[in-house]
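Chemist: So the chains spell out like this:
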Amino acid sequence: MNKHFQYVLRMGDNALILGQRMSEWCGHSPFLEEDIAMANCALDHVGRARMLLTHAGTLEDKRRTEDDLAFLRDEREFFNFLICELPIGDYAFTLMRQYLVDAYHFHLYSRLQTSSDGVLAAIAAKAIKETTYHVRRSGDWIIKLGDGSDESHRRMQDALDEVWGYTGELFAADEVDDFASSKGIGPDPHALRLDWERDVFDKLRAATLRIPEEIWPISGGRQGVHTEAMGALLAEMQFLQRSYPGLNW
Amino acid sequence: MEENAVSNDQFRFDQIIDAEEKIEPRDWMPEKYRLNLIRQISQHAHSEVVGQLPEGNWIGRAPTLRRKATLLAKVQDEAGHGLYLYSAAETLGESREKMMDDLLSGKAKYATIFNYPTLTWADVGAIGWLVDGAAIVNQISLCQTSYGPYARAMVRICKEESFHMRQGFEIMQVLSNGSPTQKSMAQDALNRWWWPTLMMFGPHDGDSAHSQQSMKWKIKRQSNDELRQKFVDQTVEQAKHLGLTIPDEDLRWNSERAHYEFGPIDWDEFQRVVKGGGLCNRDRLHARRRADEEGGWVRDALVAYEEKRCKRDTGEAA
Numbered sequence: 000m001n002k003h004f005q006y007v008l009r010m011g012d013n014a015l016i017l018g019q020r021m022s023e024w025c026g027h028s029p030f031l032e033e034d035i036a037m038a039n040c041a042l043d044h045v046g047r048a049r050m051l052l053t054h055a056g057t058l059e060d061k062r063r064t065e066d067d068l069a070f071l072r073d074e075r076e077f078f079n080f081l082i083c084e085l086p087i088g089d090y091a092f093t094l095m096r097q098y099l100v101d102a103y104h105f106h107l108y109s110r111l112q113t114s115s116d117g118v119l120a121a122i123a124a125k126a127i128k129e130t131t132y133h134v135r136r137s138g139d140w141i142i143k144l145g146d147g148s149d150e151s152h153r154r155m156q157d158a159l160d161e162v163w164g165y166t167g168e169l170f171a172a173d174e175v176d177d178f179a180s181s182k183g184i185g186p187d188p189h190a191l192r193l194d195w196e197r198d199v200f201d202k203l204r205a206a207t208l209r210i211p212e213e214i215w216p217i218s219g220g221r222q223g224v225h226t227e228a229m230g231a232l233l234a235e236m237q238f239l240q241r242s243y244p245g246l247n248w
Numbered sequence: 000m001e002e003n004a005v006s007n008d009q010f011r012f013d014q015i016i017d018a019e020e021k022i023e024p025r026d027w028m029p030e031k032y033r034l035n036l037i038r039q040i041s042q043h044a045h046s047e048v049v050g051q052l053p054e055g056n057w058i059g060r061a062p063t064l065r066r067k068a069t070l071l072a073k074v075q076d077e078a079g080h081g082l083y084l085y086s087a088a089e090t091l092g093e094s095r096e097k098m099m100d101d102l103l104s105g106k107a108k109y110a111t112i113f114n115y116p117t118l119t120w121a122d123v124g125a126i127g128w129l130v131d132g133a134a135i136v137n138q139i140s141l142c143q144t145s146y147g148p149y150a151r152a153m154v155r156i157c158k159e160e161s162f163h164m165r166q167g168f169e170i171m172q173v174l175s176n177g178s179p180t181q182k183s184m185a186q187d188a189l190n191r192w193w194w195p196t197l198m199m200f201g202p203h204d205g206d207s208a209h210s211q212q213s214m215k216w217k218i219k220r221q222s223n224d225e226l227r228q229k230f231v232d233q234t235v236e237q238a239k240h241l242g243l244t245i246p247d248e249d250l251r252w253n254s255e256r257a258h259y260e261f262g263p264i265d266w267d268e269f270q271r272v273v274k275g276g277g278l279c280n281r282d283r284l285h286a287r288r289r290a291d292e293e294g295g296w297v298r299d300a301l302v303a304y305e306e307k308r309c310k311r312d313t314g315e316a317a
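Listed in order, the protein sequences are those of chains A and B.
Anchor point for the first sequence: position 165 equals 164 in numbering that gives the first Met the number 0, and the numbering is continuous, going up by one each time.
Anchor point for the second sequence: position 80 equals 79 in numbering that gives the first Met the number 0, and the numbering is continuous, going up by one each time.
Note that these hints are calculated values from the structure, not bench results.
The model shown is predicted, which means the values in this text are computed figures rather than measured ones.
Derived BS3-like pairs (lysine-lysine); straight-line CA-CA distance at most 25 Å:
1. A/K202 with B/K307
2. A/K2 with A/K61
3. B/K182 with B/K239
4. B/K310 with A/K202
5. B/K31 with B/K21
6. B/K217 with B/K158
Working from the sequences, and respecting the hints, build out all of it.
Modeler: Below is the structure:
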């Protein structure tokens, strides 16, 4: 598989699958302002997914559109990080996942602005504006809920313990990442990790949360090996395109 | 003395209403005017909030990424409308907590139309086209309402609603020009949403409990029947353009009146759904109650955090 295509496709998948998950909160969040904020952030992710998947389609040169890539691939052909596909859980879980991914995206898109791939650099220039806001918002929540009531502290700690093992995958470099960093398309994931850890550790400590020992790092998304939640997500998302193939909507 | 003061206030209030100016939050107003507005604005706000649910049902299944993004933006707007409207009602001295409690306890109503289920993708189109189309007819009229904060909220809401209606109409257009299955999906949605949409304008003028006083106070500017007629006249033409059939055998153009005449509305059905007999009444309220209950710890935590922060700040200052 074309490595440049695959590099961009993975980012598109992350944005799409996380956006899909976030949109599940629409109309169900703890108060009205959060309904708006969650939908707003979900929309940013879906918008980003559209740009990235369209770009991936041109790199692949099989004339696949953003919708072909989103709706007509099977589970084994999706390459998002597992953390993006996990069910939304309670609001603590949602926000903890969000913060850890937002902090990653902040450093990723900061660097991608100088990518040798001009289209990717332009997408990153837009994405970094959104992500700067996303990480400030989710970071505020981490502090307020981590250092809030006894219950919120317990829930945030549970969420952190639950999701922590999925973060290792964010920085695991394989031949696609090596290709991207050698061509100046994307950053070296190891370098990203240091910046991410510095921010995340500071934030979690300020939120009075205990950083878990990483005893169960889990990965698989990049090989198309997913959690069992992924199939149901795709079944829902792809329903119309699969049931009525080849139509305009 | 007291009586004189009140009647002076009443005189000033009447003058403002007669002059087509706006009553503002700090102006004196009759208690019944205030209560009437709180009822109407909060009901409107609740409709926006509950209205997120039927369309939210399709965000996860939107057929293209463009449709998903548009629908997300639209549902986000609805929540925003709820927020402006609760704020407008708060200027009348009603707290948002109280309004929420009234919604969750079933005391306050929201638009009956949202108690119908969204069964196919065409329902998302039909809601935008018909339900938002009807809302615009009603809300354009409300831009002239006598209470300032409500009128100003309406101006902004109308702008967004016209985008919502266009996205709904565009969905219907694509489906109507699509495969036979898509076209029948569009027709089925029109069949199910048409009559409930006509009911959105409320009972006939003679049977409407709050209408007369509201018209006198210029809270309402046009009657239920006038607005309903305006909606029918514009929508019949749009349906023709789509090549869809409005499910009303009595529908015909009356050249003397220069309006479309339409068949009788089933008010028993309307009352049945208002009283809780719609397919989704319980689901809608359960969803709102669940969001409220499961979000309780989040709201409590914000208070706890703020208290700690204040204590720390005071401690540091001392």
